[in-house]
Amino acid sequence: MKQSITLGKVTKLMGLGFLSTIKDLFTGKLEKEDFKNFLRKVVVPIASILLFIGLWHMGSKTLYNIEADFRINKALEEQGQAAADAVAACIALGEDSSCKPNTLPSPAQVWESYRSLLRDHNIISADKAAFIEKTAALNEKRLAEGKDAITYTGRPSFVDQIFRSLKTVFAGFLLALFIAVPLGIFIGLSPTLKSAFNWFIQIFKPVSPVVWYLLVFMIVKTLLIDSNEDSSFTISFISVGLCSMWATLVNTAMGVSSVDKDYINVAKVLKLGNFQKIFKVVLPSSLPLIFTGLKITLSVAWMVLIAIELLAQSPGLGLFVWEEFQNGANDSNAKIIVAMFVIGIIGFLLDRLMLTIQNWVSFDKTDAI
Amino acid sequence: MSTIIEHKKTKVITDNGLFPSSEVMLDLKNLKKVYPTPKGDYVVLENLNLQIKKEEFVTIIGHSGCGKTTMLSMIAGLNPISGGHISVLGKHIKGPGPDRGVIFQAPSLMSWMTSLQNVLLGVNNVFPHATKAQRNDIAKYYLQKVGLEDAFNKKASELSQGMQQRVGIARAFAIKPKVLLLDEPFGMLDSLTRGELQDILIEIWNKEKITAVMITHDVDEAIFLADRVVMMTSGPKAKIGDVLNIDFERPRTRKAVLEHDDYYKYRKHLIDFLEH
Ligand SMILES: Nc1ncnc2c1ncn2[C@@H]1O[C@H](COP(=O)(O)OP(=O)(O)O)[C@@H](O)[C@H]1O
Ligand SMILES: [Mg+2]
Numbered sequence: 002m003k004q005s006i007t008l009g010k011v012t013k014l015m016g017l018g019f020l021s022t023i024k025d026l027f028t029g030k031l032e033k034e035d036f037k038n039f040l041r042k043v044v045v046p047i048a049s050i051l052l053f054i055g056l057w058h059m060g061s062k063t064l065y066n067i068e069a070d071f072r073i074n075k076a077l078e079e080q081g082q083a084a085a086d087a088v089a090a091c092i093a094l095g096e097d098s099s100c101k102p103n104t105l106p107s108p109a110q111v112w113e114s115y116r117s118l119l120r121d122h123n124i125i126s127a128d129k130a131a132f133i134e135k136t137a138a139l140n141e142k143r144l145a146e147g148k149d150a151i152t153y154t155g156r157p158s159f160v161d162q163i164f165r166s167l168k169t170v171f172a173g174f175l176l177a178l179f180i181a182v183p184l185g186i187f188i189g190l191s192p193t194l195k196s197a198f199n200w201f202i203q204i205f206k207p208v209s210p211v212v213w214y215l216l217v218f219m220i221v222k223t224l225l226i227d228s229n230e231d232s233s234f235t236i237s238f239i240s241v242g243l244c245s246m247w248a249t250l251v252n253t254a255m256g257v258s259s260v261d262k263d264y265i266n267v268a269k270v271l272k273l274g275n276f277q278k279i280f281k282v283v284l285p286s287s288l289p290l291i292f293t294g295l296k297i298t299l300s301v302a303w304m305v306l307i308a309i310e311l312l313a314q315s316p317g318l319g320l321f322v323w324e325e326f327q328n329g330a331n332d333s334n335a336k337i338i339v340a341m342f343v344i345g346i347i348g349f350l351l352d353r354l355m356l357t358i359q360n361w362v363s364f365d366k367t368d369a370i
Numbered sequence: 104m105s106t107i108i109e110h111k112k113t114k115v116i117t118d119n120g121l122f123p124s125s126e127v128m129l130d131l132k133n134l135k136k137v138y139p140t141p142k143g144d145y146v147v148l149e150n151l152n153l154q155i156k157k158e159e160f161v162t163i164i165g166h167s168g169c170g171k172t173t174m175l176s177m178i179a180g181l182n183p184i185s186g187g188h189i190s191v192l193g194k195h196i197k198g199p200g201p202d203r204g205v206i207f208q209a210p211s212l213m214s215w216m217t218s219l220q221n222v223l224l225g226v227n228n229v230f231p232h233a234t235k236a237q238r239n240d241i242a243k244y245y246l247q248k249v250g251l252e253d254a255f256n257k258k259a260s261e262l263s264q265g266m267q268q269r270v271g272i273a274r275a276f277a278i279k280p281k282v283l284l285l286d287e288p289f290g291m292l293d294s295l296t297r298g299e300l301q302d303i304l305i306e307i308w309n310k311e312k313i314t315a316v317m318i319t320h321d322v323d324e325a326i327f328l329a330d331r332v333v334m335m336t337s338g339p340k341a342k343i344g345d346v347l348n349i350d351f352e353r354p355r356t357r358k359a360v361l362e363h364d365d366y367y368k369y370r371k372h373l374i375d376f377l378e379h
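These protein sequence lines map, in sequence, to chains A and B.
Following my numbering, the numbering of the first sequence begins with 2 at its first residue and continues without gaps.
Following my numbering, the numbering of the second sequence begins with 104 at its first residue and continues without gaps.
Possibly wrong hints are sitting among the right ones.
What the hints assert, rightly or not - Restraint ranges, calculated between C-beta atoms of paired labels, are given here: (1) A:N38 with B:M291: 37 to 45 Å; (2) B:R370 with A:D263: 26 to 34 Å; (3) A:D227 with B:G198: 51 to 59 Å; (4) B:P141 with A:F276: 32 to 40 Å; (5) B:D302 with A:N275: 33 to 41 Å; (6) B:G198 with A:D35: 43 to 51 Å.
Hint data in this document are derived by calculation from the structure and do not stem from the laboratory.
Each residue gets a CB set at the ideal place from its N, CA and C atoms; glycine is no exception.
All chains, full assembly: derive it from the sequences and hints.
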């Protein structure tokens, strides 16, 4: 009993139930009727991924040819046959970025970029480690003398950018959580507050991330006017938080205001104080809705983050994408696509993470032990 | 027919409030309830007078929609009073309080808590000066009384409807109220479970002798449990229509009650009233 709980329940909790189907396949536990399930849950997704990569490959090839033909023809028209041959040869060689068609990269190019980004990360990490080692003794001395330590100021790697983005999104998410949940509880408990805040919510909920960023920028810039620290991180996480908190606010208020009347009556008859009423009755019973809100908040936060980092020039995946686009190097497009997949996969994992926490919180602990 | 006239007499006495005031636990005087509706005010209860003695078990029957729940929730303090007053031991009530325990029709347990936590929720609040161990003992004692000694740590959501209502009974008795209010507490249960829970309820009640007011739509239940059955007239402007004293000895067994000569007389009286 206890063993089956560990793997089976955890995977189910994470919404990755299909993993146990794969496990059953290898342990020979698969029944005939399960075979259909296996087909649908494992074979079909894999086939569709392969099909997607195939279509992408052909699509990028077609786009490449269109652009190559266009360049050769243009050279032919403007400079004659010799120039056209030179361009064709240059394209065939595929090394010079001045003649190479700049279009949708193929899956293979994207994979290659992914590996080069990882290599780049390893080089930068090694460099950073060496720097830290080299400056360790010096920094100790500087700190003892009351001076600031020397920090590594080299270029951040792609992996560093991912972690910066995650840091920003979690800071924004926590900000949203600490504003929206308590405010939602108050609004849900008091019809007066509800009508006081309703217009506010209705007006600000649909405002676009760009506008939030500008608003936060105006305010934070002035507030931090004396500080010479980089305010881009502060500005971007606050904007992310403000953009994404609305789903949690609305869901919390709804959950709290729609607590079963019987529960409220029980709380009244037992003369529970406000504190007990909120923490023992109201919050637990509105937890499912609060979590639904938080899940939406996290996915919105991740989605708007990219745009806001880009605007705020705050280091992270958004800025990475923007810089690659501006830079227009040989493999810039491929790097942008790598970033796209990384953004998508992290978004998916964040969603799973929230789902896992949500299931765990509403999980019956008695049968989990 | 003569029996009915006889009982009509007792009704007159109660309506005039002729119990010595030292014996009265609960007193409803000229009680009125008005619900505002889009079509104007709806007077559910008017001139409703009822006195309930200490240690008395009173059941209330009446047609659906006549205002039984309204009356009970007003006694519980969960529903504002439009006119007249309600007093417990001579003091007018103002809102709900732990001197009046309620057992709701739906068990209304916090589904995320264990049965013990559900009972403790009230106990902790009503006995703040007791030690943790003492409060645990109180909660466990009542859970044992309702036959849940093996389910202290079961989540409420894992219990059957009948078991949940047992926790509801334990929760209500554990705060040691002066008056226990029950609104069709067994209405949602099958008849077998209902019988079991009636036995459990009356067993604890025999021991604790808490004044009890219970709404039911089951005539047999009304007779089996009650010292007096109170019949409400149909609304609007419902009031007490008739009161029937049940003179069976206590403690009662279901068998003895069913075999008693007066049982069918009582039953006929109630059914005649309801069909009138
Ligand atoms: N909150 C309310 N607002 C308006 N009318 C109500 C409300 N609650 C109950 N009523 C009406 O009052 C009458 C009595 O209801 P209730 O006390 O629930 O009856 P019972 O419990 O005897 O079946 C019904 O006609 C019902 O429709
Ligand atoms: Mg009712």
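| request: Could you work out which earlier hints the structure fails to respect and list their numbers in ascending sequence? | output: 6
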